Every structure is written in C-alpha cells, then in structure tokens.
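Given these sequences and hints, build the entire structure.
The working numbering puts the first residue of the sequence shown at 3, with every later residue one more than the last.
Note that these hints are calculated values from the structure, not bench results.
Okay, the calculated beta carbon distance ranges per label pair:
1) Ser7 with Gln51: 14 to 24 Å
2) Gly8 with Leu73: 27 to 37 Å
3) Lys86 with Val30: 13 to 23 Å
4) Gly29 with Ala95: 16 to 26 Å
5) Glu53 with Ser7: 11 to 21 Å
6) Val30 with Ala71: 13 to 23 Å
7) Lys86 with Glu61: 11 to 21 Å
8) Leu73 with Gly52: 13 to 23 Å
Values in this document were obtained by computation on a predicted structure and should not be read as measured data.
Just so you know, even glycine gets a beta-carbon here, dropped at the ideal spot from N, CA and C.
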Amino acid sequence: MEFESGKLPYKDHGLPESLLDIALNCGVHLEHACGGNNACTTCHVVVKQGEENLSEMQEDEMDRLDTAADLTLHSRLGCQCVVKGDVVVEIPAWNRNYISEGGASILGDAIPPPKKPQSSGTAEPTRA
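See below:
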C-alpha cells in the first residue's frame, strides 16, 4: 500500500503515520488491544525489509516488546514505528490467524470486523 506523507487522516490509534495508523487508513486490520498506546503487544509485526525507513525504536517500545510472543531481532510495535519510506512487514501467524478466523477486536465498533471472502456465486442449498 502507498500513501503520501502528511496527507493521511489520523485514526487516533498509535503514532501518526505509524504502521498501525497506515494499516487502519488502508483497511488492513492490525489488532491493537490497547488502542495503540504502547500498553500491549497485539500490534507486533516483524520487519522483513526497510528497517532503516522506520523511526528509531524508543526505550518504552523496547521494554514493551520484551513481553511479545514470537519476538525476533526485527520485531516492532505497529503503533510505535513511524514509516519514513518503503517497508515490508509481516503480521505474526498467531495474530493473523486469530483475525482471519473471525476473531473480533476488543475495541468493538472502533475496528470493523474482517471481511469474509466472497462466494463463487453458487448458493448453498438450504437444509431443514
């Protein structure tokens, strides 16, 4: 996904133009149980490329990441890392699977539920 810096409406979750903010603006669900306030690790992502194009990790993010599941040397919190160029990240399987299986955010209507895949147009028979 692409965006023009300074033109993205801030979604009030995470830092402005953070991975979380960009994801929400582009319709990509990234769980963030704390509302993007660096109080949990549910927006944990693994940076695959472009780490140099993210803001420098601050000490409070480092401390919080110490509690993250599947922590790697390339882990970041989506709510804290501000994008300054091209970046490729992966959402860890435990979070991605939760959402794709219909898991809901604890923030209720603040985050729309994931969209279900469209059917092929063939209706399922009704069973009585």
